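**Q** With chain A's structure known, arrange chain B on it following the hints.
So the sequence lines, in the order shown, correspond to chains A and B.
Numbering-wise, this note's numbering comes out as the position in the first sequence, counting from 1, plus 467.
Numbering-wise, this note's numbering comes out as the position in the second sequence, counting from 1, plus 154.
Keep in mind the hints are simulated off the structure, nothing from the lab.
Being a predicted model, the structure only gives us computed values, none of them experimental.
Think of the CB as a built atom: it goes at the ideal place given N, C-alpha and C, for glycine as much as any other residue.
Some hints here could point you the wrong way.
What the hints assert, rightly or not - Between beta-carbon pairs, the in silico distance windows are:
1. L614(B) with A806(A): 53 to 61 Å
2. S626(A) with L348(B): 34 to 42 Å
3. A323(B) with Q791(A): 33 to 41 Å
4. S607(A) with L614(B): 15 to 23 Å
To be verified - Computed list of chain A residues with no C-beta within reach of chain B, every gap over 10 Å:
5. E474
6. V479
7. G484
8. S526
9. A534
10. A542
11. I687
12. P693
13. R761
14. H793
15. G814
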Amino acid sequence: MARASIEVRDLVVRYGGVVAVRGVTFTVGAGEHLTLLGPSGCGKTTTLRAIAGLEKPASGEIRIGGAPVFSSSPAVNVPAERRGLSMVFQSYAIWPHMSVFDNVAYGLRVRKRPEAEVTARVREALDLVQLSELGARSASKLSGGQQQRVALARAFVFSPSVLLFDEPLSNLDAKLRAEMRVELKELQRRLDITSVYVTHDLEEALAISDRIVVMRDGAIEQIGSPGEIYDRPRNTFVADFVGSANLIRGRRRADLERDGLVVIQTQGGALVHGTASGGRPQGDDTLMAVRTVRLRLERARPATQVNVWPARIRRRVFQGDFTQYHVDWDGRVLVVRLATAEPLVEGDEVFVSADPRYCVLLEE
Amino acid sequence: MLVGGLAAVLVLYPIAYLVQASLSVGDPQARPPEAYGLDNYAGLGRYAHIFGNTLLVAALATALAVVVGFTMGWILSRTNVPGRAAFEQLMALPYYVTPLMGALAWALIASPSSGFVNQIWRALGGDGHLVDINTPWGIAWVMALFEGSVAFVMIGAVMKSMDPAMEEASQVLGAGRARTMLRITLPLVLPGVLGAAVFVFAEMLGSFSAALVLGLPNRFYVVTTAMYQLVSQYPPRFPTAAAMGVSLFAVMFAMVWIYRRIVSAGTYVTITGKAFRPRAMDVGSMRWPFLGVCVAYLTVAVILPVLTVTYASFQHLTSAFPRAANFTLVNYQTALALDAVRSALGNSLLLGLATASVGVLLMGFLSWLIYRSRLPGAGVIEYLVMFPQAVPRLVFAFGMLWAWLIFPIPIYGTLWLLLIAYLTVFLPLGLRTISGVILQIDRSLEESAQMCGATWGYRLRTVTMPLLKPGLIAAWLLLFIASVRELGASILLMGPKAKVITPAIVESWFSTSTELTAAMALLQTLAVVAALVLLFAVARRAVQQGGE
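Okay, chain A solo, but in the shape it has when bound (with noise of 0.2 Å):
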């Protein structure tokens, strides 16, 4: 299949008077998985959208495998059905009065396709999502789960250059949406397809994508691995947004540093040693920023140098796959994510430790 590439740059939409995008720049390597993360309202299926054609930018350019799609000047803007790619719709938007084989066929029969080859590429479309048995059932007699991958068939099967994902797990429920998951990225690897992805849910965007782009108010905060996204967030919002993080707020000692990492003071007077992910401010009011499952906790002190602190556990909360223990440390809490099922009680003193790699200065 043919790989695309995608450049976006500058790229503004607005609704009437109110900036939906506000000048995005990125690209999409061919064959790359890119997500776009972050809540709703942050523009990431508005500039999905334009990227599909189904919504006119104000300004910027859109250029698909080094052909410009839309640009502001020289006006350029193709439509939807010429720009060759293909989406899965949030809502699937199976067609009702069709069968499940004449909704998937139906790209294939707009490029007309002979119809031996329609059935053929069908079929094996079917396949691949594991729907062989359905084809000639109505597609208004589908279950959610059904519907998606009906989608996914009908988006891929006449061979798209890229495929856009417009939240299509958000529908599901949890059980259904894990297991999609797994599927949607070994078809993605499979189809060996430019994608693009729009998600709010962190986890979903983790496990697919080969890049991250994280935004917020139309603006971009962040581009990076998932790896980069979850363990060295350039800012709060990344940081709060990503997972569940503990923010540490401090003065700068450039005096201490060594080695390439950076120190904090606490007001409570702990040094915490960490590593720089961006730029590095200076000054009274820093924040780092560290994963709660990032961080230790043992009854004997560890060996370590560093990020080594006396503490008392007040809460522990059993939640299955991990206990949440929060823990009296500096004149505040903690919170921390344990996976091992450690002995500790509440009351219990012990030492909180962490890897200074894991402790990140924020650029804000």
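**A** Using the frame of chain A, we list chain B on its own:
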């Protein structure tokens, strides 16, 4: 854009001429007016009693219709009355009986001299008459029976959309059933009831046929019948009639505006989109009296009128006491032999076909334009197209009469003018039916076809039109039925050589026998039913052949 403009012309052109006519103070027959002024409005003072009559009849009818609508709405959506699903379907029937049929039937039942009830009253030794339908009360009664089903639909919808948890919460907190009804249920449905009342009142102000059939014998006029009289008398007094029409239109417009305000502002949104089945209250043995109420309403609104008209149509001389010698088929023979009736019926069916077919195309495209195209100015077009809702059809027809008389292409007095009139006055009806379906179709269904590479035309053919089909068929049927039975616009606009059936029925009522009129009314109804059956058969056959 072209279609939007066409709709604007259809609606605004007659209105402009109506206003112009109302301001003409020179020779009333002169076109264009010799001089302009407000004299016609100043002169309306002489007709104050007619405006009084209109308000009286509309208020009485509205009160009655809302009581009917509220009672039926409450019984059928909140109690466990037997057969409530069936009754809910049947509640649409009074609307199809039409005020004209109702008026004819109730004139037969309760006119002071020959009404069946009064015949029986005298046979039992009574004196004079027991009931008199030729009064404001009688007119209001007939209109309320018809409009009761409209009020029911509106109020019933509000009651159904109320989350029963709101009432349950009140009961859990210790309030009794009566207190819950008074403090929770009533305030929640009140905006809906108020909205229905205003809407019904506006419709009543512009209603025509019941007031014509029942009011004319006693020279009791409401605004619409007075206008009709002013226009059809010799010499006609167009400017005065126009001023009346504009005044009525202004009041109705205000009413519709108030209605929209109530609907958009007043509803304490009880509609959450969450599916819940309204709790049916167990009313115990009260079920049977409630069942009686439902049966009674359908009896006086549907069964009795239809039976009465049918009975009368088979009589030589209508009498409350059937005798074998009095039964006859001669009325049908006469009706079918009359060339006027045959051509009128034919014309009506032809017009119905044309209105429905052209209308579905025009209104379908308009709906799409307004609700889907995101074209700038779509809101303005919507407002324009829904405009005829606020104008009585007779008043609208008056504007058209004035407007098309001077139109360079001579369509006045032909079926073409009626076709244009029907297409204009039924714009809101068609648009509401079709847009209801369009709004249900998620935009992404069309967008996903686009993402599969389908062009505009291909999408329209393979996705949009098939999805719209049920709505378009429903709109077609509604337009067909409404056109064949239209009176208010037809009575002013039909030419002597291009008659249609409903005005012919009214003419027959005033100039020939009651029995012949009854036969004509039934023939009209039968023709509509037959045409629909035929069309369905043809359509089904076409579908089957297409499938083979």
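**Q** Run every hint past the structure and note whether it holds.
**A** So, going through the hints one by one against the coordinates:
Distance hint for L614(B) and A806(A): a CB-CB separation of about 56 Å, consistent with the stated range 53 to 61 Å. Remark: the range hint 34 to 42 Å for S626(A) to L348(B) is contradicted by a beta-carbon distance near 59 Å. Checked against the given bound of 33 to 41 Å, the beta carbons of A323(B) and Q791(A), roughly 35 Å apart, stay inside it. Remark: the range hint 15 to 23 Å for S607(A) to L614(B) is upheld by a beta-carbon distance near 21 Å.
In this structure E474(A) is separated from chain B by more than 10 Å, as the shortest Cβ-Cβ distance comes to about 20 Å. Annotated as non-interface, V479(A) keeps its C-beta farther than 10 Å from every C-beta of chain B; the closest such distance is 18 Å. The Cβ of G484(A) sits about 14 Å from the closest Cβ of chain B, beyond the 10 Å cut-off, so the non-interface label holds. Residue placement check: S526(A) keeps its beta carbon more than 10 Å from all beta carbons of chain B (closest about 19 Å).
A534(A), annotated as away from the interface, keeps every beta carbon of chain B farther than 10 Å; the closest lies near 16 Å. Non-interface call for A542(A) relative to chain B: holds, since the shortest CB-CB distance, roughly 19 Å, exceeds 10 Å. Distance check for I687(A) against chain B: the nearest CB is about 25 Å away, which clears 10 Å, and the non-interface claim stands. The beta carbon of P693(A) sits about 27 Å from the closest Cβ of chain B, which is more than 10 Å, so the claim that it is off the interface holds.
With 10 Å as the threshold on Cβ separation, the claim that R761(A) sits away from chain B holds: the shortest Cβ distance comes to roughly 40 Å. The beta carbon of H793(A) sits about 36 Å from the closest Cβ of chain B, which is more than 10 Å, so the claim that it is off the interface holds. Once the 10 Å rule is applied to beta carbons, G814(A) is consistent with being away from chain B; the minimum gap is 41 Å.
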